[in-house]
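Asks: Once you've looked at the hints, dock chain B against the given chain A.
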Amino acid sequence: QKEVEQDPGPLSVPEGAIVSLNCTYSNSAFQYFMWYRQYSRKGPELLMYTYSSGNKEDGRFTAQVDKSSKYISLFIRDSQPSDSATYLCAMSSMDTGRRALTFGSGTRLQVQP
Amino acid sequence: GAGVSQSPSNKVTEKGKDVELRCDPISGHTALYWYRQRLGQGLEFLIYFQGNSAPDKSGLPSDRFSAERTGESVSTLTIQRTQQEDSAVYLCASSPGQGGQPQHFGDGTRLSIL
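Protein chains in written order, with this note's numbering: chain A, 2 to 114; chain B, 74 to 187.
The shape of chain A in the complex, shown without the other chains:
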């Protein structure tokens, strides 16, 4: 079993829809949670960064972390065709010492105009 599980999609939605992307994880030591967006042939771009449980909002994006359930989510409101990309969840723990990120395999999102 992978440490971080993420539905690969593809997820296809119409423009304007609310998108929900999710990851589950098994390592209870994870404390830092990130969402990255990756366009084709580009590096991952940091979207959201949260520490421990709770919600964080930035424009059309909301990140939620539920450590008790080992479950994180990214919501995109009023989705746009420009949001079409692969979304990667990532997480880390100070306990690992090296602080390298553990990634999900990514969910491919397509927003249809």
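Be aware that one or more of the hints could be misleading.
[Unchecked claim] Here are the simulated BS3-like pairs of lysine-lysine, each with C-alpha atoms no more than 30 Å apart in a straight line:
# : chain 1 : residue 1 : chain 2 : residue 2
1 : B       : 88        : A       : 43
2 : B       : 88        : A       : 68
3 : B       : 90        : B       : 130
Derived by calculation from the structure, the hints in this document are not laboratory data.
Replies: Just chain B, lined up with the frame of chain A:
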């Protein structure tokens, strides 16, 4: 300011050749990471540098892989005697290196082994 810069952006080479990939981190970032991304997959950690500390090499898949970093600047990842399974995108990231600071990525080097 400038982001993480990687070169070359693409590299095609024959099986058995050595390749060297370069990463220029964001200025002032003490932590530098190399990851590998195979087609349709997430990122796989390779190696981590933090300041002048000994690097964490725990993710390197074989002794054909090595990396160096000069102080807190440029890093090179070297793959010797390349194999077809080495074909992937090699991504470099840097962070300020304190606590759980998020990492910022370059656009990677797309390596193809013929």
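Asks: Compare the structure with each hint and give your call.
Replies: Taking the hints in turn, this is what the structure says about them:
1. Between residue 88/B and residue 43/A, the direct Cα distance comes to roughly 25 Å. Compliance with the 30 Å bound is thereby established for this hinted pair.
2. Our distance criterion of 30 Å between C-alpha atoms is broken by residue 88/B and residue 68/A, whose separation comes to about 45 Å.
3. Taking the CA atoms of residue 90/B and residue 130/B, the gap is about 22 Å. The hint holds against a cut of 30 Å.
Checked against the numbered hints above, the structure violates only hint 2.
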